[in-house]
Amino acid sequence: MSVIAKYILHLYPSVTHLSLADVQQLSSGPAMALVAHPAVGEYHLLLSDMKGQNFDVIRFASYRTACKLRFIQKKTNFHIVDIWNVIESFRENGLKAAEPRGAEVFPARLEQLVGSIYVQLNKRLPPGQQIDPVRATSTMLAWLRAAYDPEDSGRMRVLSIKVGLALMCAGKLTDKLRCEFFLFI
Numbered sequence: 277m278s279v280i281a282k283y284i285l286h287l288y289p290s291v292t293h294l295s296l297a298d299v300q301q302l303s304s305g306p307a308m309a310l311v312a313h314p315a316v317g318e319y320h321l322l323l324s325d326m327k328g329q330n331f332d333v334i335r336f337a338s339y340r341t342a343c344k345l346r347f348i349q350k351k352t353n354f355h356i357v358d359i360w361n362v363i364e365s366f367r368e369n370g371l372k373a374a375e376p377r378g379a380e381v382f383p384a385r386l387e388q389l390v391g392s393i394y395v396q397l398n399k400r401l402p403p404g405q406q407i408d409p410v411r412a413t414s415t416m417l418a419w420l421r422a423a424y425d426p427e428d429s430g431r432m433r434v435l436s437i438k439v440g441l442a443l444m445c446a447g448k449l450t451d452k453l454r455c456e457f458f459l460f461i
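Residue numbers for the sequence shown follow the working numbering, so the first one is 277 and each next one is one higher.
It cannot be assumed that every hint is accurate.
To be verified - Straight-line alpha carbon distances no greater than 25 Å define the calculated DSS-like cross-link-like pairs of lysine-lysine that follow:
no., residue 1, residue 2
1, Lys344, Lys327
2, Lys448, Lys399
3, Lys452, Lys399
4, Lys344, Lys452
5, Lys344, Lys399
6, Lys344, Lys448
7, Lys327, Lys399
8, Lys350, Lys327
9, Lys399, Lys351
10, Lys448, Lys351
11, Lys327, Lys351
12, Lys327, Lys452
These are computed hints drawn from the structure, not numbers from a lab.
Note that the structure is a prediction, hence the values are computed from the model and not measured.
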């Protein structure tokens, strides 16, 4: 059985058998778009871990959302990334300056931006607490892609990325708001 067929069977557990014609038909549809997406596995792993935490029993939506965001923050190791490191990464990648309204960033540049955040983080951490920047980058990219590019167009607005990364990093609320103000002008 091919990798695509196994992945489709994993996504759709109600399907019990796939013929070659079925795989070819599904490969041209939305299932192939999921298989071709490298971060899909990371995103599904993140969702399954989140479901295992049973956040849905929390009664109030605001508390439930806060718990889910905190879970994602810890899974992506963004709880140890300082807001000032995010600002510095935007400067290094040429995204600090005010872009025209609706400017978009391509996945390769976004991967470079997020990767530089984790590389800078590893420079500050002691050797025993180092994180895997490749895995952390792919998990954060999967979350950003799911949150800000649900149609899978391959591009995301720079403004959305700035807000998403500032939201997820550690820091005081006033520092985050100040950061958002300075990143937008």
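Now for the hints, and whether the structure bears them out:
1. Lys344 / Lys327: Roughly 10 Å between the alpha carbons, so the hint for Lys344 and Lys327 holds.
2. Lys448 / Lys399: Given pair Lys448, Lys399 holds - Cα atoms ~22 Å apart, limit 25 Å.
3. Lys452 / Lys399: Answer holds: Lys452 to Lys399 is near 22 Å, not above 25 Å.
4. Lys344 / Lys452: holds (19 Å)
5. Lys344 / Lys399: Violated, because 28 Å separates the two Cα atoms, which is more than 25 Å.
6. Lys344 / Lys448: Roughly 19 Å separates the two Cα atoms, so the pair holds.
7. Lys327 / Lys399: Roughly 33 Å between the alpha carbons, so the hint for Lys327 and Lys399 is violated.
8. Lys350 / Lys327: Holds, at about 15 Å.
9. Lys399 / Lys351: Within the cut-off at roughly 19 Å; holds.
10. Lys448 / Lys351: Judged against 25 Å, a Cα distance of about 20 Å means the pair holds.
11. Lys327 / Lys351: Between Lys327 and Lys351 the Cα gap is close to 13 Å, so the pair holds against 25 Å.
12. Lys327 / Lys452: Given that 25 Å is the threshold and the Cα spacing comes to 29 Å, the pair is violated.
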